[in-house]
Amino acid sequence: MVMLQYFPVETVVGSHLQAAVTMKALNGASFSRCDAFNSLIKWKTGSDSFVIVNATAEMMMLEELRSTESSPPCSRAYIYTSYPGRTVLQATLAKEFHYFDKSLSESIDLKATLSIGAYLPLTIRQDSDGNHHGGYWFDKTQEETDIGVSNLYLVPGTYVDVMLLGGPERWDDNVEFTETVTKVNEDEEDLTNGDNIHHNFDHHANMFRVSCQTLGSYKLVFQRGNLVGVDHPLPAVAEAFLSVQCSLPSSVVLIVDEPVNKLSVIRAASQAERAPGRLRLTPVTVANGQIIRVAAVGISDSGEAFSNSSTLSLRWELSSCDNLASWDDDYNSKMTKTSWERFLALRNESGLVPAAAAASTFCVNSSSAAASAAASAAASAAASAAASASAKRITTVFIDAAAAADADAETCGNA
1 MVMLQYFPVE TVVGSHLQAA VTMKALNGAS FSRCDAFNSL IKWKTGSDSF VIVNATAEMM
61 MLEELRSTES SPPCSRAYIY TSYPGRTVLQ ATLAKEFHYF DKSLSESIDL KATLSIGAYL
121 PLTIRQDSDG NHHGGYWFDK TQEETDIGVS NLYLVPGTYV DVMLLGGPER WDDNVEFTET
181 VTKVNEDEED LTNGDNIHHN FDHHANMFRV SCQTLGSYKL VFQRGNLVGV DHPLPAVAEA
241 FLSVQCSLPS SVVLIVDEPV NKLSVIRAAS QAERAPGRLR LTPVTVANGQ IIRVAAVGIS
301 DSGEAFSNSS TLSLRWELSS CDNLASWDDD YNSKMTKTSW ERFLALRNES GLVPAAAAAS
361 TFCVNSSSAA ASAAASAAAS AAASAAASAS AKRITTVFID AAAAADADAE TCGNA
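Be aware that the sequence shown starts at 1, since it is given in the numbering used here, and climbs by one per residue.
Source of the hints: derived by calculation from the structure; they are not laboratory data.
None of the values given here were measured: they were computed from a predicted structure.
Any given hint could turn out to be false.
With a Cα cut of at most 25 Å, we get these calculated DSS-like pairs of lysine-lysine [stated by the list, open to error]:
#, residue 1, residue 2
1, LYS262, LYS140
2, LYS24, LYS111
3, LYS95, LYS44
4, LYS183, LYS219
5, LYS111, LYS95
6, LYS42, LYS140
7, LYS111, LYS140
Label-pair ranges, simulated between beta-carbon atoms [stated by the list, open to error]:
#, residue 1, residue 2, range
8, ARG209, PHE31, 50 to 58 Å
9, ALA268, ASP173, 51 to 59 Å
10, ALA29, GLY85, 35 to 43 Å
11, VAL181, SER333, 38 to 46 Å
12, GLU349, SER250, 48 to 56 Å
13, THR141, SER270, 20 to 28 Å
14, GLY85, PRO233, 16 to 24 Å
15, GLY28, PRO233, 16 to 24 Å
16, GLU349, PRO121, 52 to 60 Å
17, ASN348, SER300, 18 to 26 Å
18, GLU239, GLY28, 33 to 41 Å
19, SER250, ASN54, 36 to 44 Å
The beta carbon of each residue, even a glycine, is placed where N, CA and C say it ideally should be.
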């Protein structure tokens, strides 16, 4: 009795494997019909993670196999995979035959085995943090099953590290193992010469560095798996896709008094209702007499947060604050003047503190004078708007000097 080499021997967790056996004579000839033994053949696995299930309606019918293969099956099995790993699948035919003359009794004891396996879906995990670089914070302590990234937004000149998780493991030395990364351009123009979009991969222990050099977009196709080999009749190759957008933010939001740039906080800030000039209608209230963190995050035209915006220059300004607040030099000493994260020291008094930040890029022509003028004008306008709302609010305003119409403004208040 032998296993038929018709089916994959490994699959993704949560799906099913199929297996079938047939009979062969001593000379290797296949039986023309052996399904009469179907009820006598018992199937089992060596692991509780691989369960033989009764799913006749879902299995390929014996007649279908007979019509397409030279060796018809005697019995077949359907195996549910619930956990990654490998085990041995065994089919056993044990039968004792009795004749009228009991001295002529004989028994049949046939076995066939097959190594089978299951693997987790191939996923892409972000492994670098944009929290201090105009991007979102990534929690590396999350369970691996709860994370995964399929889209990245990067400003040209920045990068993100990603890691591959899951997918098939190397089967054995007799089966070729493949790991590939393919770039597929998403732009309409022909970018095959690589002049418009560049991407770099530093491959070490399933780690990849994905970078953007110029504007454009592309998709990465990651593949990992085992090809055809001995006792591995069909390839098992998993795929994962990563879309990379190399672009500039269409707007910027401010994160006020938060330790990190969580995606949920960024989305809330991005979707907040705003008055003309992008001043937030609902203020963020904070207590005075403390140091608060103020961070900026780039937002795409589709509303998604950038992973890294650090190559854009950012200028922060305070104006008309009556000495109620100032940038804390101790906290900011380790950061450059274009940092996307600043710390604001609030005096133990209530009042309005308009703050402005102006962004400029390496590829947009805008003078520093124009940026400063736009930031100061917006700060004054926001201060006037906030003054009528409350005498105990601190107003923080963000202006993108390269696109002042898309400026972001935030308000926060003293308790």
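Tested hints:
Distance hint between LYS262 and LYS140 is fulfilled; the C-alpha atoms sit about 13 Å from each other, no more than 25 Å. For the proposed pair LYS24 and LYS111, the alpha carbon gap of about 12 Å is at most 25 Å, so the pair holds. At roughly 17 Å between alpha-carbon atoms, LYS95 and LYS44 fall within 25 Å of each other, so this suggested pair holds. Note on LYS183 and LYS219: the hinted pairing holds, with a Cα-Cα distance of about 6 Å set against a maximum of 25 Å.
The suggested pairing of LYS111 with LYS95 holds, with an alpha-carbon distance near 12 Å, which does not exceed 25 Å. Proposed proximity of LYS42 and LYS140 is contradicted: the alpha carbons are some 46 Å apart, above 25 Å. As the CA atoms of LYS111 and LYS140 are separated by approximately 47 Å, the hinted pair breaks the 25 Å bound. A beta carbon spacing of about 57 Å between ARG209 and PHE31 agrees with the range 50 to 58 Å that was offered as a hint.
Against the hinted window of 51 to 59 Å, the Cβ-Cβ separation of ALA268 and ASP173 comes to about 53 Å, which satisfies the hint. Evaluation of the 35 to 43 Å hint for ALA29 and GLY85 yields a pass: the beta carbon distance comes to about 37 Å. In this structure, VAL181 and SER333 meet the distance hint of 38 to 46 Å, their C-beta atoms being roughly 40 Å apart. Distance hint for GLU349 and SER250: a CB-CB separation of about 37 Å, inconsistent with the stated range 48 to 56 Å.
Range check, THR141 to SER270: Cβ separation about 25 Å, and the 20 to 28 Å hint holds. Between GLY85 and PRO233 the beta carbons are some 20 Å apart, a value that agrees with the proposed interval 16 to 24 Å. Against the hinted window of 16 to 24 Å, the Cβ-Cβ separation of GLY28 and PRO233 comes to about 18 Å, which satisfies the hint. One distance hint, 52 to 60 Å for the beta-carbon pair GLU349 and PRO121, holds here, with the actual separation near 55 Å.
Evaluation of the 18 to 26 Å hint for ASN348 and SER300 yields a failure: the beta carbon distance comes to about 39 Å. Judged by the Cβ atoms, the range 33 to 41 Å given for GLU239 and GLY28 holds: they are separated by roughly 38 Å. Separation of SER250 from ASN54 is about 56 Å and departs from the stated range, judged on CB atoms against 36 to 44 Å.
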